[in-house]
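**Q** Based on the provided sequences and hints, a complete structural model is requested.
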Amino acid sequence: GAGVSQSPSNKVTEKGKDVELRCDPISGHTALYWYRQRLGQGLEFLIYFQGNSAPDKSGLPSDRFSAERTGESVSTLTIQRTQQEDSAVYLCASSLSPVYEQYFGPGTRLTVT
Amino acid sequence: AQKITQTQPGMFVQEKEAVTLDCTYDTSDPSYGLFWYKQPSSGEMIFLIYQGSYDQQNATEGRYSLNFQKARKSANLVISASQLGDSAMYFCAMRERDNTDKLIFGTGTRLQVFP
Chain L
1 GAGVSQSPSN KVTEKGKDVE LRCDPISGHT ALYWYRQRLG QGLEFLIYFQ
51 GNSAPDKSGL PSDRFSAERT GESVSTLTIQ RTQQEDSAVY LCASSLSPVY
101 EQYFGPGTRL TVT
Chain Y
114 AQKITQTQPG MFVQEKEAVT LDCTYDTSDP SYGLFWYKQP SSGEMIFLIY
164 QGSYDQQNAT EGRYSLNFQK ARKSANLVIS ASQLGDSAMY FCAMRERDNT
214 DKLIFGTGTR LQVFP
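In order, the protein sequence lines correspond to chains L and Y.
Under my numbering, the residue at position 88 of the first sequence is numbered 88, and the numbers go up by one with no gaps.
Under my numbering, the residue at position 20 of the second sequence is numbered 133, and the numbers go up by one with no gaps.
Treat the hints with care, as some may be off.
[Stated by the list, open to error] Here are the computed lysine-lysine pairs in the DSS-like style, where the Cα-Cα straight-line distance is at most 30 Å:
1. 186(Y) with 116(Y)
2. 129(Y) with 183(Y)
3. 57(L) with 186(Y)
4. 17(L) with 57(L)
5. 57(L) with 116(Y)
6. 116(Y) with 183(Y)
[Unchecked claim] Away from chain L, derived, C-beta distances all over 10 Å, residues of chain Y:
7. 127
8. 180
9. 195
10. 199
For the record, the hints were derived by calculation from the structure and aren't laboratory data.
Cβ atoms here follow ideal geometry from the backbone N, Cα and C, with glycine treated the same way.
**A** Structural data, given as structure tokens:
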């Protein structure tokens, strides 16, 4: 079946603009995660959705970052008033449930100029 | 304190040889899971292997095995019979049950396999 997909694959934006990143999880996966990977670094957790439970937003770096998920489907990560330090690859992952391995999408490379 | 530590920024191995990538972790949660992911230059994260804290035996998946030493809090990845396609970044990650199950990643090890 299809894996996790993300769009766009690349996004270049000017400082101060808002961006929306999209994630389509694997069908049937109840858990969805967003991570950020800065150049040459490991992954930083941003936010986690599990079914209809309240999301875990503990990794969001500032109130400029927000995310939504409709049921067990698509999720969007929004970054408002982008800053140059937001430049990174944003990875989405999904899993059948939190106890299982996470499957990652190809990521969105965000460049803020 | 670092939750996941990967002390080898880079490793080289000759094709067909075995290589061990180190990972140590820190947690007070008795129930946790340890994962290894591979990230080739394409950027996608590929799940390799999983070890649960209560698993009695070391996990194995094909050429990948996890050398789990619970008392030392280490979870080293062993890749046997290295192939050129194994060249990539390798990340160790931990999931803590009382920490909403998110993955905490190490900084990674870049493995280069040479002929």
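**Q** May I ask you to check that residue 195(Y) keeps its beta-carbon over 10 Å from the closest beta-carbon of chain L?
**A** holds (23 Å)
**Q** For a C-alpha distance cap of 30 Å, please report whether residue 186(Y) and residue 116(Y) respect it.
**A** holds (11 Å)
**Q** Taking only the CA atoms, is the gap from residue 116(Y) to residue 183(Y) under or equal to 30 Å?
**A** holds (15 Å)
**Q** With 10 Å as the threshold, tell me whether residue 127(Y) passes as away from chain L on beta-carbon distances.
**A** holds (25 Å)
**Q** Are the Cα positions of residue 17(L) and residue 57(L) separated by 30 Å at most?
**A** holds (22 Å)
**Q** Please verify whether residue 57(L) and residue 116(Y) have alpha carbons no more than 30 Å apart.
**A** holds (19 Å)
**Q** Decide if the proposed pair is consistent with the structure: residue 57(L) and residue 186(Y), CA atoms, cutoff 30 Å inclusive.
**A** Cα-Cα ~28 Å, so holds.
**Q** For residue 199(Y), is the shortest beta carbon distance to chain L beyond 10 Å?
**A** Fine: 18 Å to the nearest Cβ keeps residue 199(Y) off the interface.
**Q** Please verify whether residue 129(Y) and residue 183(Y) have alpha carbons no more than 30 Å apart.
**A** Holds, because 29 Å separates the two Cα atoms, which is no more than 30 Å.
**Q** Taking the shortest Cβ-to-Cβ distance between residue 180(Y) and chain L, state whether it exceeds 10 Å.
**A** holds (19 Å)
The structure is consistent with each of the numbered hints, conforming to all of them.
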